[in-house]
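Chains as they are written, first to last, in our numbering: chain A, 1 to 286; chain B, 287 to 643; chain C, 644 to 1004.
Don't read these hints as lab results, they were simulated from the structure.
The structure presented is a predicted model; accordingly, all values stated were derived computationally and were not measured.
Just so it is clear, CB atoms sit at the ideal spot from N, CA and C, and this is done for glycine as well.
It cannot be assumed that every hint is accurate.
To be verified - Capping the alpha-carbon separation at 30 Å, the derived lysine-lysine pairs in DSBU-like fashion look like this:
id: 1; chain 1: C; residue 1: K792; chain 2: C; residue 2: K960
id: 2; chain 1: C; residue 1: K792; chain 2: B; residue 2: K462
id: 3; chain 1: B; residue 1: K470; chain 2: C; residue 2: K770
id: 4; chain 1: B; residue 1: K462; chain 2: C; residue 2: K809
id: 5; chain 1: A; residue 1: K187; chain 2: B; residue 2: K475
id: 6; chain 1: A; residue 1: K187; chain 2: B; residue 2: K462
id: 7; chain 1: A; residue 1: K7; chain 2: C; residue 2: K792
id: 8; chain 1: C; residue 1: K809; chain 2: C; residue 2: K792
id: 9; chain 1: A; residue 1: K7; chain 2: C; residue 2: K809
id: 10; chain 1: C; residue 1: K792; chain 2: C; residue 2: K770
What the hints assert, rightly or not - Which stretches of chain A does chain B cover? Using the computed rule of at least three CB atoms under 8 Å from a CB of chain B, they are:
id: 11; stretch: 151 to 161
id: 12; stretch: 190 to 198
What follows is each chain in one-letter form.
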Amino acid sequence: MKTENQKAWLFVLPVLALVAFNALIPLMTVVNYSVQETFGNNLFFWQGLDWFENILRSDRFHAALGRQVMFTAIILAIEIPLGVMIALAMPRSGPWVSVCLVLMALPLLIPWNVVGAMWNIFTLPDIGLLGYFMNNVLGVDYNMTQSPTAAWVTIIVMDVWHWTSLVVLLAYAGLISIPEPYYQAAKIDGASNWSVFRYIQLPKMKRVLTIAILLRFMDSFNIYTEVFVLTGGGPGNSTTLLSIDLVKVALGQFDLGNAAAMSLVYFAFTLLVSWLFYTIMMRDEE
Amino acid sequence: MAKITIDKLRHSYSPNPTGPDDYALKEIDLDWTDGGAYALLGPSGCGKSTLLNIISGLLTPSEGRVLFDGKDVTNLPPDQRNIAQVFQFPVIYDTMTVYDNLAFPLRNRGVDSARIDARVMEIATMLELEDRLATRASNLTPDNKQKISMGRGLVRDDVNVVMFDEPLTVIDPALKWKLRSKLKELHQKIAVTMIYVTHDQTEALTFADQVVVMQDGVIVQIGSPVELFERPQHTFVGHFIGSPGMNILPCEVVDGGATFQGQKIALEGKVVKTGQTTEIGIRPEYVRLSDSGIPATVRKAADIGRHTVVEMMTGGVAINAITDAAPPEPGTEVRLSFDPDQTRVYSDGWIATEVAK
Amino acid sequence: MSLELRNVTKRVGAETHIHATSLSLDVGVFNILLGATSAGKSTLIKLMAGLEKPTTGEVWVDGQNVTGLSTQKRQISLVHQFFVNYPHMTVFENIASPLRVAGIPKSEIAGRVEEAANILQLGPMLKRYPDELSGGQQQRTALARAIVKESKAIFLDEPLANLDYKLREELREQLPDLLAGRGTVVVYATSEPTEALLLGGNTALVHEGRITQFGPTAETYRTPANIDSAMVFSDPPINLAPVTKQGNEMHMGTQVKWAVSGEVAGLADGPYTVGIRPHYVTPTLPKAPSIPLSGIVQITELSGSESVAHLSLGDQKWVSIAPGVHSYQLGQEHEFHMIPGQCFYFAPDETLVARGAGAHG
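Could you build the full structure based on these sequences and the hints that come with them?
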């Protein structure tokens, strides 16, 4: 007698449909574009892997990828240690906990294009608070619409301001899950503060930090809105990160084939790095 | 190793205690000699863990002093008290090997590596962990993890006291007695003062030479396992130790003797104190089913193999007896007698009879 | 009402958790599953409750095959070892929740909740939240939730294991009365032999994914069908030793021997395994006829009213339990007395072949 119940699949169906619409179908469209040439009017010509070859040989792509890797590396190198340090400094009980948590959550609640616009105005040399202060009080020549260095510093500071909180909240969640006896045992074992961090806090935070690094890697690698609003990729091409370049190619030049191939290379790269990182981090977990 | 003195200790978790009810510990005085095995026994909430944390320095008492070898350590932090503590749940350093875990307390104190090696090997052998030394600690079973926690507590030979806070909670029942006896054995080998906190009478009585029974922040009796079982100073001790616990029967005291259900009951001696309530305390082991005495009705009888536990009612009061005879049917009318030398009167909970010399 | 397992097995990957098991449980008695941790008791309960699906075999309730039926449709209650209550609901709401789910009219709920709460002495606690209760009260709330609805079966998976032992004593005493006459099949898993004996009813002994024996609790205790059953139903485990029967004598090693009579005398000469429970190996001379044997005391324990000694007897590790307080010198040889009348004899295939004349466990 077969009484197996297949109804469960029905309940998963809406999710499958949703994923199909917002991920699989667009992805297939991109794949479709990446191997064809179109001049509009629904006319397509088979191009094979030409676009991919084009992209992989393009200096412009290499430059954008280089800038992107540098950006992501810098913000990870700042946000992860800074986030952990802030989390360690936060109180673990008492009335200040919720105050800290709300303060930390604030930057995360601001829409991305608002962040870009805020920093844009903030850094204007004539009326922006920061820009005016730097130029007229400290006497530093600071104008991110002219100096690539100033533009880079600004997008990095902006990203650190916007996203370090996420690392803090994740690291904090890892920290408060450590039972009190661990700290008491360490005290009794005569462990130094560094030992406590190295042998108790860091191992217990490993999982959440892995997630934090992954999220920050993927998000920063895909960053578009804030930088676009802030610098528009300039001055020159100095802050043209991958996704900004992609939009320029796809919408600015309407070069759909190249843009599609570029998206796929970009996507594959993100996926590969994330997978490698996750596998290495989780290697010795059962 | 040290002699531990607790002097007029009181502790409250609220900043402004008003009445005695605000105190988790109410006036504790204790004197523990060097190298002894002690247990703090009581139900949850009796204050035993509070007392333990005060001795280890994780908590500072509201009033009173803690002395190690006569030296006041009340305000010293745990790492300066030279103590070791094993917690209810295993505390291990996940990323370290078993060896490194055991060596950790020694390395932190700058002990030289040859000495560390010798101590770690010795302790690992005692705990039967010697073939696991190179394993990462996080890959062990819970009972082996707890063994490591114990090992870290025992690895230093210069400690004043080793404390155990319900250390067998997470251990599989089948392995419990093994670790329980292992601890006893370790104490005999290492001869350092050890304090063991538990709500389990078997663990306390197995481990300790002296058991401190606590209830509601008060010490109700300090005694050897034998004393606690044979002559409880308080009805709570009689009830808490033994399974089933001591029968406690409301009685009347007249002329230094006691009557229960209108019958005069022979006691171990004269009643020398009276209070608001007076009760007879008699262990089920010493209640006899006989031909004469107090009438009772059998409610239930359970043959638990080595003996039979008979539950009875006598005039609205429940009473248990332990007998080797075949279990009587429920509803049977029986008569009960008590062994006089094991029958005592308690007034307001405290023992009120005195054995004639 | 009845509950039946028909040739049920459970495999997970390559591992067999439950070997082919058939078991028929009736209403009106306590059905106890006794076995060590991870012997398979919880898996059996999950299979009966429908929380897990058997790999092969069928589960029948009341003459109906319910093998594929979801737990929700089986009308059962389950009380877990950990006190599972809804933390954001009061005791009243917790107890009422199964009735609400079942769509019982509001007017009826209050009365039934109060009735269940009174049985479990939770009357004054109804307005409190679970975290304001002691462990015993929390578990009583979970029990009240289990008994408030009409169920065909109620499963209790080591419900007392996480309580202080004094509370355990109290609840254990109340449980049989509480569940009697409710017309549901009661299944109670425990790892403690004494608990099984105190609860009575029928006991199934579970060992490594098999039921080694099933029958009335006292009878199962007195007649262990094989060595596994004897080990499971003895706390501490039963003492075992190889013996050889020669004529009317049983030889254990070279030193110890005793005369046998009755059904034991009827056994063919040859090798057997003797099993004797720890409380028939005593430090003092018992009333029943006994023979002396000496062992080296390794470890001693005191459990309130009894003294336990772990001794080595040649190659064998034995345990002695005696009422009262006895002191032993550790590492020294002590004389013990063993009652041959209380011995079980197992054939080389580990099945029980004879019991001593006075054997009742």
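Status of each hint after checking the structure:
Annotation: proposed proximity of K792 of chain C to K960 of chain C is violated, straight-line Cα distance about 49 Å (limit 30 Å). Between the alpha carbons of K792 of chain C and K462 of chain B the distance comes to roughly 37 Å, so the proposed pair goes past 30 Å and is violated. With a C-alpha separation of about 46 Å, the suggested pairing of K470 of chain B with K770 of chain C is violated against the 30 Å cut-off. As the CA atoms of K462 of chain B and K809 of chain C are separated by approximately 18 Å, the hinted pair is consistent with the 30 Å bound.
Proximity of K187 of chain A to K475 of chain B is assessed by CA-CA distance (about 26 Å); at most 30 Å being required, the pair is judged to hold. As the CA atoms of K187 of chain A and K462 of chain B are separated by approximately 28 Å, the hinted pair is consistent with the 30 Å bound. Simply put, K7 of chain A and K792 of chain C have alpha-carbon atoms about 27 Å apart, close enough for the 30 Å limit, and the pair holds. Distance hint between K809 of chain C and K792 of chain C is fulfilled; the C-alpha atoms sit about 28 Å from each other, no more than 30 Å.
At most 30 Å may separate the alpha-carbon atoms for a hinted pair to count; K7 of chain A and K809 of chain C exceed this at roughly 47 Å. Using a Cα cut-off of 30 Å, the hinted pair K792 of chain C and K770 of chain C holds, with the two alpha carbons roughly 20 Å apart. A count of 0 residues in the stretch 151 to 161 of chain A with a Cβ less than 8 Å from any Cβ of chain B is obtained; the coverage claim is therefore unmet, three being the minimum. Residues of the stretch 190 to 198 of chain A lying with their CB closer than 8 Å to a CB of chain B number 4, which satisfies the three-residue condition for coverage.
Taken one by one, the earlier hints fail for this structure at numbers 1, 2, 3, 9, 11, listed in ascending order.
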